[in-house]
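K.L.:
So the sequences go chain by chain: W and P. Okay, so the first sequence: first residue is 930 according to this note's numbering, each after it adds one. Okay, so the second sequence: first residue is 334 according to this note's numbering, each after it adds one.
Heads up, a few of these hints could be off.
What the hints assert, rightly or not - Covered stretches of chain P, as calculated for chain W (at least 3 residues, CB under 8 Å):
{"id": "1", "segment": "468-478"}
{"id": "2", "segment": "505-514"}
{"id": "3", "segment": "561-571"}
What the hints contain is simulated information worked out from the structure, not anything from laboratory work. Just so it is clear, CB atoms sit at the ideal spot from N, CA and C, and this is done for glycine as well.
What follows is the residue order along each chain.
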Amino acid sequence: MLHSVFRPISRAPGAKAFEMMLLLAMTCSLSAAYAQDPKVTIDNFTFTPAQLTVTPGTMVTWSNADDIPHTVVSDDKVFRSKPLDTDDKFSFTFTKPGEYGYFCSLHPHMTGKIVVKTF
Amino acid sequence: MSLAKAATLDEPGGFTFLQLSDSHVGFNKPANPDALGTLKEAVDKIKAMPSRPTFYLHTGDISHLSKDSEFDNADQVMNGLNAPVFYVPGEHDLLDDGAGKAYFARYGKGSKGAGWYSFDQNGVHFIGLINVADLKPGGLGNLGAEQLAWLADDLRGRSTSTPIVVFAHIPLWTIYAEWGWGTADSAQALDLLKRFGSVTVLNGHIHQVTQKVEGHVAFHTARATGFPQPAPGTAPSPGPIKVPDGQLRKYLGITDVTFIQGKEQLAIVDIPLAG
Ligand SMILES: [Cu+2]
Chain W
930 MLHSVFRPIS
940 RAPGAKAFEM
950 MLLLAMTCSL
960 SAAYAQDPKV
970 TIDNFTFTPA
980 QLTVTPGTMV
990 TWSNADDIPH
1000 TVVSDDKVFR
1010 SKPLDTDDKF
1020 SFTFTKPGEY
1030 GYFCSLHPHM
1040 TGKIVVKTF
Chain P
334 MSLAKAATLD
344 EPGGFTFLQL
354 SDSHVGFNKP
364 ANPDALGTLK
374 EAVDKIKAMP
384 SRPTFYLHTG
394 DISHLSKDSE
404 FDNADQVMNG
414 LNAPVFYVPG
424 EHDLLDDGAG
434 KAYFARYGKG
444 SKGAGWYSFD
454 QNGVHFIGLI
464 NVADLKPGGL
474 GNLGAEQLAW
484 LADDLRGRST
494 STPIVVFAHI
504 PLWTIYAEWG
514 WGTADSAQAL
524 DLLKRFGSVT
534 VLNGHIHQVT
544 QKVEGHVAFH
554 TARATGFPQP
564 APGTAPSPGP
574 IKVPDGQLRK
584 YLGITDVTFI
594 QGKEQLAIVD
604 IPLAG
């Protein structure tokens, strides 16, 4: 997939605009909502961004910046992380389009959503 | 312990028990670099008391990550109390792959269903409930239909004059819903308890003292032995708070509860580790 080719570049500062132009030039159907480097940060008992839109085949990575453990658990049991202590990460690759609500099983008031769709 | 209180211990039927909570053994972040050490301090403080409690309640989050090593370390310290300890789990105790396998192997003997149980001491009926299992997205703590049915059964036929003590990890009344500090179906449990003349509800989870009396029900939360948490809504999140150096032990502590025969309400005294 295109984005997997470009992911390493996207970490370089200043490369983002160039990459975006390239992507737009090559695949005009790409929407601006497309997540380039899909990461969800857990900070202050909050998933940020709370909602993330990706294309099928994208791997999303969560990382915990709190000094209390959290989990990432799909509402429909599609994925479930181990407890993530400070700076621990969890990744899941979304293959099927759909809406994936998830929460922290320790602090269930913490919720988020991954939307998987083809543009 | 006050002299008046020491005297009550000699009266027939009266007894004292002690609540510990939220030890989070394994926690080592700036808010408290040594949670095992402060649990040990709590136990040492108890051992230095002129009169020992009859037994202990631990209202959960014994461990930080449900690791065997954490439970082992906690047990070694708690064994120093040399008296029965009745546990209920916190959400941090059910984190292993077996959803609490390590916890229940150690502390679940004799419990019913997913780990709840009751027992009697000098005419007082104690009920240990679990509201941290299988939590649902968006919500609070949860008891579940099976446990509520068990509770109804457990209370059936008991005299309304029986003093009741209910203990569970997450508060059984809503303290702050935005942080999940409450139990979704606690009203159903409290409904079953409302005919009793004296009900004491002891919880942990929020790492600070709060109390409320509603009718015949006294609600109370204990300090943690592990680390302090902010008062509701006073911080961006309920995460551990780093208090100024030298202040930590004012925020950690234990709760002493005395039952005096013939008195409706149990006497609850919160004891900080220091200050
Ligand atoms: Cu959490």
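K.L.:
When the hints from earlier in the document are held up against this structure, which numbers fail?
P.N.:
none
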